[in-house]
Amino acid sequence: MIFFRKNIVKKSASFISTVAAIGVALMPMVGFANAGEVSLLTWEGYADDSFIKPFEKASGCKVLATYVGSNDDFAAKLAAGGGIYDIITPSIDTTKIMIRAGFVEPIDITKINGWEGIYPKFAETGGINEDGKVWGVPYAWGSIPFMYRTDKVSTPPTSLKDLWDPQYKGKISLWDDKSAIYVAARLNGDNNIYKLSDDQLQKAKSTLIEQKPLVRKYWATAGELVDLYANGEVWISNTWGGYQSSLLAEQNIPVKEFIPIEGAEGWMDSHMVVKGTSNTECVYKFLNMANSDLGQCGVANVNGYSAANEAVAKKCMSPEQFKTLHQDDVGYMDSLMLWENLEERQEAYMEIWNAVKAAN
Amino acid sequence: MTPRKRRRLIAIAVFSPPLLWTLLFMIVPYAIMFTYSFYTRQYPTFVPDFQFGNYATIFMKEQYFQVILRTLKIATLVGFLSLMFAYPLAFFLVFKVESQKVRTILYTAVIAPLWVSYLLRAYTWKTILGSEGVLNSFLVWVGILDQPTDLFLYNQFSMVVTLTYIFIPFTVMPIYTALEKIPRNLVEASQDLGLGPVRTFIKVIFPLSLPGVLAGMTFTFCLTAGDFIAPFLVGGPDGSMVASVIQSQFGSSLNWPLGSALSMVMLAIILTIISISDRLERAGHIDLD
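So the protein lines, in turn, are chains A and B. Just so it is clear: in the first sequence, position 355 is 355 by this note's numbering, and no numbers are missing. Just so it is clear: in the second sequence, position 1 is 1 by this note's numbering, and no numbers are missing.
The following block holds chain B by itself, in its conformation from the complex (with noise of 0.2 angstroms):
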């Protein structure tokens, strides 16, 4: 065997089984739920066909558009929300923090919810929101409410709360790293230039961090818009997703192909947003080359 064919083969040998799995868990599920898309609705279940009507129902129809806004205007904010929280605590941790022992174990800290089940940390929401719940017994025996509120849980808050929260550490991941690799000699060299803090902040340090940000804010808005579990546990009757609607949709509507439909909706939506903020990022790399 000559070295290049062994090279050959030990490039397929690795190569070959992440390959496969992307071919076998993503292209062909993908592709088998693209033709589902155009199939027709028929009682009791459907038939394979080639139509555009799946598609235009979710255009044409109110509901399904509703609930798309819906889901793009609650990612947004779980997005931003993020962003408030995990911004300041990655700075923190990065520039102010001197330890780096402390560092590491506050940044553990904030990472550390991730090993704990979703669906616990949602649940527990539930219990601390509810109209017996944590913050009304609290707010009531403070005396700031005279009788708890229904306004904490079941509603569209409950979800941008509970979202926000676990998705934070996705969101101070990158933000994180981005400030740790800004190279301290420049915000050095800001200061001796004459520029305080906050200018050093504005002209240097966040426009040297925005790749992080970007990511970040991606991250939580893809992984929100694809929730339904906060819907389900948190949410009321105002707060139904794009993926609880997917989910009746292959669950009791037996409706596979709108369910399809939908998804290759927001697949494309998902895609759009990764594509545009990938862009954005990039342009910031040209800037300060």
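With the rest of the complex left out, here is chain A (with noise of 0.2 angstroms):
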């Protein structure tokens, strides 16, 4: 019975979410951040009661999410006017266009406590520096690996083929952003996935549209896929590394998550701070509560994702999650596809997209 009700809680509270995140994308947000306000747009789980809660009521600052659902967001959202959000977190394949589009401000790293221990592969890495200067503090990082429902799926899949088996018609997903292609061109076996040239787009779309009658929908957001798991529309699909299987393992719904042979892509997080900000204050003393013990545990123990300060994430880690999470072995990540900017190329594959989820 407390079963039944949890489940009916969370049921709710997703619902609440979607009608919310839906209501955010219908309304051009009005007004300003207020002073003693930090107001993120960022990813699902960023802004976790977990370790917000006692950031609040220890910074006295209030802190304010809007969530995106795919990292082309960003840009859309800081266009159509500022001064409303204080903090981003895009991945590494959008820090630069924030940096070069001019919506972001550089970090005075010298007001970030503990800046040396994170991993120098992310401290240096050319989506946050540019011009001698830091643009970003890298938070997260992981997988996006593919999951399947072990009551449904017999045999464990292993190759991305199975995303285009017709046994599974109609309960397979993908995420609904330009990683589609990037999945499409490792089956077609293009593995130089962030540098398509034309033709192997466009072999790209046919290989998504031929999929497409298999597909039951194509996923916006976290919430959205963890509810199509739960309600049985979706056995199969690509996912954000621990996050949405966690959350699914929470209502009893067995999945697994794999690497498939053809690969798969990494990602990394940087927190940055948008241009004009306001609300300097509290923006740093929310990058230093996400550098320390307290966010960067708080998105491991939440989101399951790896933490970017390989010194904090020592300190606050059991050794088993230190290595699960691949903290011990940076490597790891070279063996992901490790997410680029597109720059020019972006449109291109912006447009093959749209082109595949027009098709009929």
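Simulated from the structure, these hints should not be mistaken for lab results. Hints may contain errors.
To be verified - List time: in silico DSSO-like cross-link candidates among lysine-lysine, alpha-carbon distance up to 27 angstroms: (1) B:Lys126 <-> A:Lys169; (2) B:Lys126 <-> A:Lys203; (3) A:Lys53 <-> A:Lys315.
Take the two lone chains, each set in its own frame, and fit them into one complex as the hints suggest.
If you want it as structure tokens, here you go:
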């Protein structure tokens, strides 16, 4: 009975968040962030109560969060008018766009405690370093693995081919994001997924259109994917490694993640400060929290993502968690295809993805 | 102050807020959008320009054309289906329900869903049509289906069902009003002249209710053509409609010029339909005078 009730609460919570997400998408928000507040444009799970509540209490800064479903939402939201958000958390393929479009301002790393503890691979990446300045504070990293319902899919899938397998017709989902093109390209044997030629893009497009009749729905938010699995609509899809699977585990939906033989993409998210923010004090308090035990282990525990600060992770994680999250082996990251900025090709990729969605 | 001057002042006071409102929130935004539709996309955003490339794209590229056609198809389907449900309902309310009180209660019941959030009602259909939803569970329980089917949700069928359900009140209202206005003595005269109920309906009632029918269908058609919640919530991979594409041009694709051009094309289509329907309605009036 308690179980049942918990389920209802969960369901209504995800329902309310969906409604809220749509509401936000519909209405351009009016007004400006206030002092004593810090307004985030970020990913689901990055403003979890487990670390936000203690932060609010300790700092006196109220945290407001709006969620994106895709990295391409950052520029769209910021282009629609400033003054709303103070901090954004784009992934490594999008940070450069934010810098070049003038949406963000440099970070004063002398004000970030424990900066030296961040994996040099992340701290020194070109994605957040430009013009001799630092533009982001690395926060978390992970992979885009695939996931399946262990009670519905009998032979454990190992390949992307399984997402094109007619036996799962109507039970397949893909992220509504340009990453669908990366998936199709890998299936086609094109491993230069961030530098695809026009021909390769066309091939990826046909591959995705061929898959369309098998697809139940393209998922747009983490909450939506969780609902699709929980309601028995989807059995196999890609996912944000560690996050949706743990939310589903809480609902007792048996799912398992896997890295297909064709490889998986990797990502790293950094906090960036929106240009012209008036809440500098709270912004830096927040950045420091995110880079501390509270934020680093917070994201590891809530989202199941790996932490970007090695020194902090070593301090607040158990040795097992440290190992499970590949914190001791950043070489693991090299085995993933770390997202890259597509530069001028971004538009071509977006157009292909839109064409796939529009196709009959 | 002369009375004439005073009248003018009052007129200005009364009419300027709505005019200002229209100017600020309708005319100016449309003008801005129209201007944007000639801009050029340039990484990472776009630059002012004057060229017709965006419009050319819409008509040359299959994907946009296809989506517009799909939207018109779904809007037409929803329009007709709403009519199929709304007309008998309105007819029943006006001609069959004797008591004014009962009629008011029933009419209110039809309109009441409009007070409930659209999102909520669309979301409810997910729980009804889903693989493990109410309908599937029922059909399996009764034994009509061996196992749940995926056919009810995340496709164009579920979009049409949801939108029809949501827009039925918009079709009932004008038809109800049109039917209610028909003088009863006309119906009686037709019967006195020897026409049966069916021919009375075809020759008298239906022609007189035509303005209501047209208004209702136009409402439903236009509302559906601009909808993007249903595709988002209950639509599947084949369910993109124009509004979803416009939204993604203003969102993730960051191609406001193309989004504006698409909006302008849709605006033109909708205005054409409204003026045709308006003309048809008026044509009806002249016939009867």
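Hint check results:
As the CA atoms of Lys126 of chain B and Lys169 of chain A are separated by approximately 19 angstroms, the hinted pair is consistent with the 27 angstroms bound. A distance of roughly 34 angstroms separates the Cα atoms of Lys126 of chain B and Lys203 of chain A; the hinted pair therefore is violated under the 27 angstroms criterion. Restraint check: the Cα-Cα separation between Lys53 of chain A and Lys315 of chain A comes to about 21 angstroms, which is no more than 27 angstroms; the hinted pair holds.
Hint violations for this structure: number 2 only, all remaining hints satisfied.
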